[in-house]
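For reference, the chains in residue letters:
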Amino acid sequence: MGFVELDGVGMTFRGRTGAYEAVRDFNLELAEGEFFCLLGTSGCGKTTVMNMLAGFDRPTSGEIRLEGRPVRGPGADRGVVFQGHDSLYDWLTARDNIAFGLRLRSMGRGERRAIADRFLNMVGLTGQGAKHPSELSGGMKQRIQIARALANDPRMLLMDEPFGALDAMTRAVLQGELSRIWSENRKTVLFITHDIEEACALATRVGVMKRGPGGTLKAVVPIDLPFPRERTSDAFMACFRQVHALIHEEIHPHE
Amino acid sequence: MGFVELDGVGMTFRGRTGAYEAVRDFNLELAEGEFFCLLGTSGCGKTTVMNMLAGFDRPTSGEIRLEGRPVRGPGADRGVVFQGHDSLYDWLTARDNIAFGLRLRSMGRGERRAIADRFLNMVGLTGQGAKHPSELSGGMKQRIQIARALANDPRMLLMDEPFGALDAMTRAVLQGELSRIWSENRKTVLFITHDIEEACALATRVGVMKRGPGGTLKAVVPIDLPFPRERTSDAFMACFRQVHALIHEEIHPHE
Amino acid sequence: QNAPIKMTIATGVDPSFAPYYVAREGGFFTRNGLDVTVNTGPSGSAMIAFLIGNQINSAYGAEQAGVSAHLVDPNVVAVAEGTALLRWISVLGRNVENMEALKGKKVGVARGTGSETFWLSVVSKLNLNPADYTIVNVEAPEMVAALERGNIDAFAVWEPWPTRAMRAIPNTKILVSNEQIQIVRNFVYMNKGWAQSNMEATTRMMRALIQAQEFIASNPTEAAAQVARFLRQDRAFIAELMTKVEYKMNLTPDSVGNIQLAIDQLRGMNRLSKEVTPAEVIWKEPLAAAAAGRVMI
Amino acid sequence: MNSRAATVAGYLIGFALLFAIWHLASVFIVRSVLFPSPFPVFERGWVLIADGLLQESVWASMRRIIQGFLLGSAIGIPIGLAIGSFRPVRLLLEPWTEFFRFIPAVAMITVAVIWFGIGEESKIFLIAYTTVFVVVIATAAGVGAVGKDKIRAAQCLGANKFQVFALVALPATVPYILTGMRLAMANAFVTIVAAELVASNDGLGKMLWDARLFMQVEDIFVALISLGLLGFATDRVFRLLIRAFAGRFNPTM
Amino acid sequence: MNSRAATVAGYLIGFALLFAIWHLASVFIVRSVLFPSPFPVFERGWVLIADGLLQESVWASMRRIIQGFLLGSAIGIPIGLAIGSFRPVRLLLEPWTEFFRFIPAVAMITVAVIWFGIGEESKIFLIAYTTVFVVVIATAAGVGAVGKDKIRAAQCLGANKFQVFALVALPATVPYILTGMRLAMANAFVTIVAAELVASNDGLGKMLWDARLFMQVEDIFVALISLGLLGFATDRVFRLLIRAFAGRFNPTM
Ligand SMILES: Nc1ncnc2c1ncn2[C@@H]1O[C@H](COP(=O)(O)OP(=O)(O)OP(=O)(O)O)[C@@H](O)[C@H]1O
Ligand SMILES: Nc1ncnc2c1ncn2[C@@H]1O[C@H](COP(=O)(O)OP(=O)(O)OP(=O)(O)O)[C@@H](O)[C@H]1O
Ligand SMILES: [Mg+2]
Ligand SMILES: [Mg+2]
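Chains as they are written, first to last, in this note's numbering: chain A, 1 to 255; chain B, 1 to 255; chain C, 1 to 297; chain D, 1 to 253; chain E, 1 to 253.
Just so you know, not all the hints are guaranteed correct.
[Said to hold, decoys possible] The calculated lysine to aspartate or glutamate pairs, modelled on EDC-like cross-linking and capped at a C-alpha distance of 20 Å, are:
1. A:K131 x B:E21
2. D:K150 x A:D90
3. C:K103 x C:D73
No wet-lab data here; the hints were simulated from the structure.
Just chain A, same shape as in the assembly (with noise of 0.2 Å):
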């Protein structure tokens, strides 16, 4: 028994322009501590199924199971951090932004303070913290929201993207520091991204989607590389160049 299984999970929405099947019997288990990126091409459904493991959603047909036990709401086991940047309070600084989940569990002021300007530091925003989401740049609350989740210390984290708007040295930095603290933690990891490479230096497996609609796991990619893991070495090349030929056969079916 894997610590989450996707069992024959299916989401059909049903709106104004009629139904729509987003996601099609898509099957996945999950070992606890195991870092998971999820590939597939824009709108083949991969916020979706997060949106499912989050228990934001309940799939339409299928199961999933988190210990065996069936999901059934968001809970503080699974951190999340999400596409955009709406789930940010603009009535809260970044720091106490960062802190609401520390707060959430009564602990005391001075020790929030501390935690919250250890991870601003962490994702390169230190002394920014009273600054609200106002004024903040595109990449900046995207950088808050990363903050947000790691501080709050899941079991299990979810991640939309949550590089797409920076930079490449912030990027690279911010990789860094995941890796840095799954494999302190070994949390397990669900990680959205469009960044082959990217996936390639965190995951111990690459997922690839089928596009939709009826988008479903296509192939996974067991990616047996120590870490820190060198991007020049010629197995992460392969990696590499396998997972883009998956993607590359999804967006040209025929050539």
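Add chains B, C, D and E with the ligands to chain A, keeping to what the hints say.
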């Protein structure tokens, strides 16, 4: 006299947490038909510069001129692709969002639809025109925004990380389309990105900003390669390395 | 010396309720060992309803309202006739000479108030045909505006409206005054349950009101000044209005007649939920206890 | 379907509870002749319905409410949009709206009669008067809350001030306008009672005033309950119409 | 600074215009003894101020308005949040709020007096009554408009239902609550007039009713203008307080 001139432009935000000088003494001249890529670390002031050029914010010092006349406000001559998706109209379908600018010019319904469908096609969303923004994935929303700006056929395009939330393949397709449109009509483009390869592939010149506070233009690299560019060529690689070094230096100034 | 007895009474703002105001402003309540709070509302009749919940101990108002309240709660009783409104209500016409000329025209009447009672009496006393007149329901304060605008050609309403209208609008005159038709009377009401268990206070209040009435009769100018002060109104205006009424504080066959008339009128309007007699509505003990000579029934 | 059944069940339970509490209050707590238990009130209501009197009053009042409400909304929406969109308009008109909205309709009766006479017009005027300010404020607040990127996008697609107003501010403000109209509807119901104080021969307001004058407690409560239930029903219909016609503007309502 | 001057100038011009139009209307259009020109009204107002009578009335009414308004808001905000946040609460309470909000305060006078007597309490009750529903609806609408990602983020940071309610729904709803309170304030002013119909010895409402009974047109207008100006001033103060204390919740107001 350039087509666009930014002359000693500065921007200081005054908020509850005091004043913050985001941009200082920014100087740049763009010739008509140039494709200028602006790079810089997250939070260095790229969006701020673009907002001033678009006419949304007035610089607190210096002046911006378009064809010699000071910019006083936004206009249809400068099409903008925003960072984030708040600018889409939730109450309109994807197709009507794309056709919004055409409707403003009282173009007939049929013609509008035909143009909108052409651009839907171009961004890979054929047949999805009837969906509303809330029914679209993050990447799909971004593509609708791009299509909306392009469909309006402005003289100048201001694009803030337009391809940020897209997978490599969709991104490559759109880069190709943008490059083609640009070569055909020689629009002037200001393009903000974090992807150095993307910048080198598209731009006639690449600008790198110094990090804030007081972010400003640090260096400009002209890229005199013919289009379409061969990304594996030595000349391309040289450009890439040059820009990469500039940015790297910015992150680790003392190395 | 005992602490003064606390009481709450309520009524409208109108010189026809002068005994209340004078008893307070002239200190008659205090001299009788009462500490009285006088509350005012839009009309005396509206305040009678508060006797039902025993929110107040006494009220001052018209017959119909008293009978209506008595029907809901038999504890609401009339203890004295307070004021006879001699030249108080009139039919006032604009561009019409007499009741004959008013035929086929529109008359403003404030439904459910003394205005309506009066109009019904005019019709029956002068043997008019009600079908000859178009009745328009208008609240008293809007009468003048309606007349001015030509929405109505005449109205039947109490002072100060007729006086005001005659001053403000040309070609207006009083067609009928209530002196020729029917003397309307305002009564003092009490909650019988409360009064019986507070007989001492009740008697003292009756005594204070009688003294106030006598004071008004003997010192009309000073009384008018007191009323004007209480109402924050112009002195001369109040004095003029006070000449149109007579303050009584007694119970006479006329009082009984008016209560009977009110009962009949309510029956005619299909508003009488059960039969009552004036003897049930009037309770003479308190007045008898204070001044036996004033009870003449 | 299931959710609709839950809604109806919730409403039924809610109303049943309301009447149960009323009954208990009238029997055990208040015990005043002025506060009847629900049964004599329902009985009286039934009599009035059998006589056709209640329907007549309801119809007369509803006609006035709807006319005044629609008139008030039709005036209030454009004014609110203009106040929210154009600073000079705001500065000039705000003293007016912010002044008049605190002046009660009941105090405007005399003025209404002077202008419109004692007929239907003055009643409709009073209801429109009471509707218009709520709609103005809610609409202006809505315009203020339109995301600035939405407006900027329109501007750089070439929209002039009027187009931003009509094609962005208006549709983006629809949820606020509708909330404002829902709130204003209660004002219209409240004001009908004051309006029917002026020279009227029918309507629930007149029924209420008459009943008050003659202390007919059951009639008072019949009128009150009619107003409450009518209001409830009108609000439901309004929401249904919103869902049907304007749903895409308003995912949350 | 410049913008504040423009605001004040705008207000002054707005009010000047209002009084100019009033003057012209009274002289050329309406020409009724019941519609005085502004000058005798100001004169009468001055006399009332010199006698201290106007201040007394204003103070009496404002005390009641503020007490009732604060009470109504204090009750309405949590109820609105609960209705917006919890479906069972909504289904059960909605019939109540949606029923009572259509019943005018003026019709509740009798009930208020039965419960609270003819003293201050019944007046404050009536004002609270008229405040509470507007605040409830506006608050509940605000909760419905909270971005779902904000709520989801709290849930997966471990917030229980109550914490989502208090730490996300409440602050995110503040702009709606404040708009609701601004709208409700007008209701409070409107209702003070009805409330002071009940056995009261002071206040602007009583001044208005007395003046109506004695046809003192100038006094009526003094009372109306006092209500309007007080309302205007109260609204400005309310907005300033919002800016000062709750500005970060509410960038648009
Ligand atoms: N409205 C504002 N008020 C105060 N500070 C602001 C405001 N907008 C931006 N800033 C500050 O200005 C700086 C530059 O912001 P800007 O959005 O231009 O960055 P950027 O280069 O676009 O970054 P990114 O790549 O993350 O989008 C940041 O430090 C930000 O905190
Ligand atoms: N609420 C909804 N109603 C209807 N259709 C929806 C809804 N949400 C998503 N979809 C559809 O489901 C499909 C998958 O969406 P999803 O957001 O999961 O894509 P994604 O893989 O995350 O894409 P991206 O990389 O662009 O974020 C899309 O075609 C989208 O149009
Ligand atoms: Mg997605
Ligand atoms: Mg930016």
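Results for each hint:
1. Proposed proximity of K131 of chain A and E21 of chain B is supported: the alpha carbons are some 14 Å apart, at most 20 Å.
2. Taking the CA atoms of K150 of chain D and D90 of chain A, the gap is near 18 Å; set against the 20 Å cutoff, the hint holds.
3. Of the pairs offered as hints, the one joining K103 of chain C and D73 of chain C is violated, with about 41 Å between alpha carbons and a cut-off of 20 Å exceeded.
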